[in-house]
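There are 2 protein chains.
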Amino acid sequence: MRMPSSDILVIGGGPAGIQAARGIADLGYKAIVVEKRDRLGGMPDEAGYAALTPDMRDTGEAIAEMVAPILDNPGVELRFGTTATACTGVAGDFNVTLQKADGAAEDICVGSVIICTGFKHFDPGRETQQYGYYQYDDVITLVDCERMLKAKNFVRPSNGEVPERVCFIQCVGSRDRQIGNEYCSKVCCGVASKEAIEIRQQVPGCRVFVFYIDMRMYGYWENEIYWPAQEKYKVNYVKGIATEVVRKGDKLIVKGEDTTLRRPMEVPMDMVILSVGMEPSEGTEAMAKVFGVKQNKYRFIETIGGALDTVSTTVSGIFAAGACTGPADLEDSTSSGGAAAMKAIACVRKANTQIPA
Amino acid sequence: MRMPSSDILVIGGGPAGIQAARGIADLGYKAIVVEKRDRLGGMPDEAGYAALTPDMRDTGEAIAEMVAPILDNPGVELRFGTTATACTGVAGDFNVTLQKADGAAEDICVGSVIICTGFKHFDPGRETQQYGYYQYDDVITLVDCERMLKAKNFVRPSNGEVPERVCFIQCVGSRDRQIGNEYCSKVCCGVASKEAIEIRQQVPGCRVFVFYIDMRMYGYWENEIYWPAQEKYKVNYVKGIATEVVRKGDKLIVKGEDTTLRRPMEVPMDMVILSVGMEPSEGTEAMAKVFGVKQNKYRFIETIGGALDTVSTTVSGIFAAGACTGPADLEDSTSSGGAAAMKAIACVRKANTQIPA
Chain A
753 MRMPSSDILV IGGGPAGIQA ARGIADLGYK AIVVEKRDRL GGMPDEAGYA ALTPDMRDTG
813 EAIAEMVAPI LDNPGVELRF GTTATACTGV AGDFNVTLQK ADGAAEDICV GSVIICTGFK
873 HFDPGRETQQ YGYYQYDDVI TLVDCERMLK AKNFVRPSNG EVPERVCFIQ CVGSRDRQIG
933 NEYCSKVCCG VASKEAIEIR QQVPGCRVFV FYIDMRMYGY WENEIYWPAQ EKYKVNYVKG
993 IATEVVRKGD KLIVKGEDTT LRRPMEVPMD MVILSVGMEP SEGTEAMAKV FGVKQNKYRF
1053 IETIGGALDT VSTTVSGIFA AGACTGPADL EDSTSSGGAA AMKAIACVRK ANTQIPA
Chain B
753 MRMPSSDILV IGGGPAGIQA ARGIADLGYK AIVVEKRDRL GGMPDEAGYA ALTPDMRDTG
813 EAIAEMVAPI LDNPGVELRF GTTATACTGV AGDFNVTLQK ADGAAEDICV GSVIICTGFK
873 HFDPGRETQQ YGYYQYDDVI TLVDCERMLK AKNFVRPSNG EVPERVCFIQ CVGSRDRQIG
933 NEYCSKVCCG VASKEAIEIR QQVPGCRVFV FYIDMRMYGY WENEIYWPAQ EKYKVNYVKG
993 IATEVVRKGD KLIVKGEDTT LRRPMEVPMD MVILSVGMEP SEGTEAMAKV FGVKQNKYRF
1053 IETIGGALDT VSTTVSGIFA AGACTGPADL EDSTSSGGAA AMKAIACVRK ANTQIPA
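Sequence lines, in order, name chains A and B. Per the numbering used here, the very first residue in the first sequence carries number 753; after that it's consecutive. Per the numbering used here, the very first residue in the second sequence carries number 753; after that it's consecutive.
No wet-lab data here; the hints were simulated from the structure. Heads up, some of the hints might be wrong.
One copy or any two copies: either way a pair holds, since identical chains are not told apart in the list.
In silico DSSO-like pairs for lysine-lysine, Cα to Cα no more than 27 Å straight-line [to be verified]:
| hint | residue 1 | residue 2 |
| --- | --- | --- |
| 1 | K984 | K1102 |
| 2 | K1049 | K984 |
| 3 | K902 | K782 |
| 4 | K1007 | K902 |
| 5 | K991 | K1007 |
| 6 | K984 | K852 |
| 7 | K782 | K1102 |
| 8 | K1041 | K904 |
| 9 | K986 | K1049 |
| 10 | K782 | K1000 |
| 11 | K1000 | K902 |
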């Protein structure tokens, strides 16, 4: 009988995957990281985030710091432009087929797998959400806004002018039963408030409104983002539900209900920013199928054990960390990446002990 | 030169500490767990939680499952009725003085330390919060309520009668600048809503109100707790700020402002439940001093590296996990417990490699 492998396959090179790979190497095991893109960093890099929430640290700098320990690390093998397409075997002895973009395939033997394939942003043109994202140039998403802020070029896409009034509409694609996403995406309140502050910093003459159901700046974000946004940067938070965006001449009209004043509202804006939530990425959905792990009703990967185990899946030896298991902030991803590395190593140790050579 | 120790000291036997100890043992290292109480389980056990948020799983059962892997485990040494009182040395070679309740002291040598000393509930009698907790028997906290629900004895403490109207007041000791706790405690919205459901289950005739600023049921809690509370259990959520509780005859009168209706409110209740937030436990404050790690402005232990590292402290080789670093839910605690075990093992491995025997 051949020896099972003690190598661990990490799928996805974002924050959770980087943290997991680092932990595996630090403990003397080998991590094989496959990433479909040609670089590490995951969504913060791919989407071009300007600054991280809540500390507003430069994203590029933070990612470079995060990535450094796994570059030129003998315990980490990086494979870019690669995905996993098939898996057979059991915990301690998986055979996984890796495929490059050019179609070249290779089978590798690993003892355990950690899926870290993250999320994608909700597409605001999908289904019942009708905020005119694909109709009006001046309706953008949190991600578009982030890119503009990073380029220090926060202007109206329609005419290049500096906006005088912009608003964020919260919970686009989250807390929405009509589209089936009942969950809260956790980070959009904080991200919107961070961007609201940055808009006020870059375009001090622009008034900024946030239409929200509940502002969810949990933990320290309350003090780090929410209070400064209101007090120092005079962002206007309006508890209200925006149901429609229409164009009127040169302006966008946001229609809805101001739930504090309990009356319909129709407010003119130069730009509308949709706070899009999280959905499972294509990679997450594909890996769930390749590795046969159960997905929850939102198609994120289901972890078992409730709050007592955030990284084990329905298949022994296959773990998941970060936003592929559901809405997660960066802290969640780095913590669960570390916890998953721990469980994956424990798994290969156990398999090596139990199976005779 | 003597060999540095590769044992790891885990301080605190709650969810984060249990998870850390388990991880350490699973990877072939030895965890020495010191716990000041005479049993494991931490705050969920000490405070007598009835059921866990959000899945309403029986707490005793969940804790037993969590604890089992570290009982009779050769990789885990449990020391009850014990605290750490002094520490000298450096990462890889710490000398820690442990003291039993009877005063007996012993020095041990460990390579790394993980502090998991958790939080305490805000004392609603302290400072400016004047909801009459120490004046009126029928004003209780989330923790008191949990105990009554566990005993299936949800009655008015003042007269033993079944209440007809009860309310929760959110953010007691959280999001409160007057007392200096600007942070959000993360879990109280979910816990209050869970208890509201349980009250409706145990006392179907009782109306339940929740006075809140923002309801923060992030992630899946939205669908698991918030929707059922509103729809199936008819809990009444009122966006409003309660400023005072006074007694009038047999009733408690909650005074404040209904911010949706924008008018003062004065509502009679049979019982008032204060949703008390998290503050650092005495153990957390004591351990910060013993190990010389920096505390943040709220006196929780400060982790360094922002979102990229949730468990490293200002002292190399000393890590922290769970609610001793700030408000945390159970998922946060189990994830960070695992991540801390990983970092602590990496630390002792590195020290063993670098220091010649």
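* First find the shortest C-alpha distance between K1000 and K902 inside one copy, then the shortest across copies, and answer within, between, both or neither for a cut-off of 27 Å. => Neither: 29 Å inside a chain and 58 Å across chains, both beyond 27 Å.
* Up to 27 Å CA-CA - K902 versus K1007, copy category -> Classified as neither; 29 Å inside a copy, 47 Å across copies.
* How do K1049 and K984 come out at 27 Å by Cα distance, when the copy is not named: within, between, both, or neither? -> between (41 Å within a copy, 20 Å between copies)
* Within, between, both or neither, where K782 and K1000 count as close if Cα-Cα is 27 Å or less -> neither (59 Å within a copy, 69 Å between copies)
* To do: If the cutoff is 27 Å on CA atoms, where do K782 and K1102 land: within, between, both or neither? Let me know, please.
  => both (16 Å within a copy, 16 Å between copies)
* Asked: Are the CA atoms of K984 and K852 at most 27 Å apart within a copy, between copies, both, or neither?
  -> Neither, since 50 Å and 50 Å both go past 27 Å.
* Asked: Is the C-alpha distance from K986 to K1049 at most 27 Å within one copy, between copies, in both cases, or in neither?
  -> between (39 Å within a copy, 25 Å between copies)
* Alpha-carbon proximity context of K902 and K782, limit 27 Å -> neither (36 Å within a copy, 47 Å between copies)
* How would you classify K1041 and K904 at a CA-CA limit of 27 Å: within, between, both, or neither? -> The answer is neither: 41 Å in one copy and 44 Å across copies each exceed 27 Å.
* To do: Can you give me the call for K991 and K1007, within, between, both or neither, at a CA distance of at most 27 Å?
  => both (13 Å within a copy, 22 Å between copies)
* To do: Evaluate K984 and K1102 at a C-alpha cut-off of 27 Å and name the case that applies: within, between, both or neither.
  => Intra 55 Å, inter 45 Å, cutoff 27 Å: neither.
Checked against the numbered hints listed earlier, the structure breaks hints 1, 3, 4, 6, 8, 10, 11; every other hint is satisfied.
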